[in-house]
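Protein chains in written order, with our numbering: chain A, 4 to 204; chain B, 4 to 204; chain C, 4 to 204; chain D, 4 to 204.
There may be inaccurate statements among the hints.
The list cannot tell twin chains apart, which means a pair is met if one copy fits it or any two copies do.
To be verified - Distance condition first, Cα-Cα at most 25 angstroms in a straight line; then the derived DMTMM-like pairs of lysine to aspartate or glutamate:
{"#": "1", "residue 1": "K76", "residue 2": "E39"}
{"#": "2", "residue 1": "K81", "residue 2": "D142"}
{"#": "3", "residue 1": "K81", "residue 2": "E70"}
{"#": "4", "residue 1": "K81", "residue 2": "D136"}
{"#": "5", "residue 1": "K50", "residue 2": "E39"}
{"#": "6", "residue 1": "K76", "residue 2": "E193"}
{"#": "7", "residue 1": "K76", "residue 2": "E189"}
{"#": "8", "residue 1": "K154", "residue 2": "D79"}
{"#": "9", "residue 1": "K154", "residue 2": "E70"}
{"#": "10", "residue 1": "K154", "residue 2": "E189"}
{"#": "11", "residue 1": "K154", "residue 2": "D49"}
{"#": "12", "residue 1": "K81", "residue 2": "E193"}
{"#": "13", "residue 1": "K50", "residue 2": "E193"}
{"#": "14", "residue 1": "K81", "residue 2": "E10"}
{"#": "15", "residue 1": "K76", "residue 2": "D176"}
{"#": "16", "residue 1": "K50", "residue 2": "D176"}
{"#": "17", "residue 1": "K154", "residue 2": "E10"}
{"#": "18", "residue 1": "K154", "residue 2": "D142"}
{"#": "19", "residue 1": "K81", "residue 2": "D108"}
{"#": "20", "residue 1": "K76", "residue 2": "E10"}
In case anyone wonders, no lab produced these hints; they're calculated from the structure.
Read off the chains here:
There are 4 protein chains.
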Amino acid sequence: MTTHRIEALADGIFAIAMTLMVLNLALPEAGKGAAELHSLLIGQLDKFLGYAVSFVLLAVFWIRHHEQSHFVKRTDRKHLWINIIFLMFVALVPFSTSLVGDYPDEPVAEVFFGCNIFILGALLLCNWAYATDHYRLVDPSLDPRLVALGKRRGVVTPLVAISAMGLSFINPDISAYAYLFIPVFEGVFEYRHRRMTGGTV
Amino acid sequence: MTTHRIEALADGIFAIAMTLMVLNLALPEAGKGAAELHSLLIGQLDKFLGYAVSFVLLAVFWIRHHEQSHFVKRTDRKHLWINIIFLMFVALVPFSTSLVGDYPDEPVAEVFFGCNIFILGALLLCNWAYATDHYRLVDPSLDPRLVALGKRRGVVTPLVAISAMGLSFINPDISAYAYLFIPVFEGVFEYRHRRMTGGTV
Amino acid sequence: MTTHRIEALADGIFAIAMTLMVLNLALPEAGKGAAELHSLLIGQLDKFLGYAVSFVLLAVFWIRHHEQSHFVKRTDRKHLWINIIFLMFVALVPFSTSLVGDYPDEPVAEVFFGCNIFILGALLLCNWAYATDHYRLVDPSLDPRLVALGKRRGVVTPLVAISAMGLSFINPDISAYAYLFIPVFEGVFEYRHRRMTGGTV
Amino acid sequence: MTTHRIEALADGIFAIAMTLMVLNLALPEAGKGAAELHSLLIGQLDKFLGYAVSFVLLAVFWIRHHEQSHFVKRTDRKHLWINIIFLMFVALVPFSTSLVGDYPDEPVAEVFFGCNIFILGALLLCNWAYATDHYRLVDPSLDPRLVALGKRRGVVTPLVAISAMGLSFINPDISAYAYLFIPVFEGVFEYRHRRMTGGTV
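Pulled out of the complex, with its shape left as it was, chain A reads as follows:
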């Protein structure tokens, strides 16, 4: 059983979750005037930004998931189920995003969204830790520094999610944008990762 199967399913679920989020944007009712259209579009500026943030976050998780698949050569039952539970929370992101979009001022919505991102990050970290533990599912020649880098990197997302949840009790308007630190931190780790592998991966 290779990892090819789970990758095809993951690509499908990521693609759908990323596209379904656009359904959260309120469609205007036909027959209204220009003024209503203006206010509808401007009124949901928050939602557009939320859509963009969630799209970028899902893209980050997709990139990370694929990078792990690159090194994970085999799969087993537990690894498969970690992946499936991970995909279950990927498919939940459109719902979490709509919660935050509809209730921009409510900490409970931010906490729901934050838990979703925390769980996604934690499961990816589990996935890497499980696969690399005693080189269970990876090539024995894999550089141990890459294993360690992957673990340190995996801690970033859960930490950012916890910080954003805390921040939402102080200022819910800002907390959603805290997640944008995730792609920034990813870029730093990416740079170190590329230096380690000589840019071949």
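Chains B, C and D: place on chain A using the hints.
Just chains B, C and D now, kept in the frame of chain A:
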């Protein structure tokens, strides 16, 4: 005509069905307060659990479908149509799940869901029985014990579905969780399967 | 430019169109009693059958599209656009199906559905005629009898669609089921096709 | 890291965006008469045409994206993110299309749609310019005339989008159809491209 084609379609339909289920979760109406949001989220706790159960069930069927594809080397017209009808009931799962989510106390909803799962299990069993009968679509070197194990394994899901339907007339609240026995039983069979093939498949 | 690209897009669009149709089934409103649920389910029995008919029709078109891809070795701009327009009408099938489901007694709904199926059948025939004309996109060694069989076969769907549209003015209840002749005729052609190729394709 | 991964995600997102647009077509309410059905269908003739225009535009972008992938042999972090932002605006097309469909007479809707198409065109041009700059991600043997042709070609879509947005202030009814010049211009460039490569690509 190889099985590659039907696999690509199956991956797509599974991915969409698993993601569409999240649309069953009621989106809050904008402009309500924190109290309404709390009660909305808590009020549909049943739906979240139903989403998780159906996601896990679809994942089990997806794994089983792919495991069968691994051994089935050819396809013919009948095999193709068994698969298509199977996919038709896969695409119906989001609807069945929403029925159970909206009517948690109604046996008729549970029976509808149970029939859906029963048919999925029965079609997978048919698929395996048809493909392995006289080694019609599988490799002649396939271990006969694996053929028999696959058939015994295929009986589990329909039996659990019938039990859950019966249970729904006694206690509809519990019956939905009876389906969680399916992944548990699957794990047992998986263990025996791996021992038989020496862990290579 | 190989046909691989258009196949991946086609698999995706077929999978989504087949799964989206389930959204046409009316979801019950929460909080109603068992009687309402019963009448909802029975009241949309027509819709369930319509869903099944459309799913089977889309599966037939998907099989035919893939069978053509098997023989078509190259693609060009015109061939690509015939395929894209074909996929545009594939994506329209969920809408046509919902029209027929909501207006089972109206010939205009049946005619809309019939035109959709007619266009799908006609475009597949065009696709085959264009690709095989002077062996433009197929292997020169392709049996001319297979080319002719493919053309005769391609005429069936448009003819059935026209008949069903005519029938809808006489008896709209029956006309939807006329489309089930398409898979039956397909089976006949399939049998002749297999005899010609010696069962290898 | 090859471009294979991003292609699978792109195929999925394009397929879903193209199919989701059909959800913009208003579904009739059950139980209405033939007269209502007629007026519903005729009343949204504009929407059908808008659906067709957007489907064709997405198909043009899909073809262009794949043609670029054919030459781009490697990927890097920046290239990946140009692609992801591109896909974010692909997923937004169903929403933009519904805006234009519901507000056919409002320049603001046309401008929203136009910006979406402009950004898509500009990002594809960026993608090509970035990948071919100093042969960063393409084969060094790539004909410099093809690089230049790709850039000239990439300017067409943004220019048409700007023209259509300007036109929408004069005559919003016509402006939507201005986008149909994009496939026409594409055909001209395609012809020159094919002459340059001798029809091999």
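Any hints this thing doesn't respect? Which numbers, in order?
Structure breaks hints 1, 11, 13, 15, 19.
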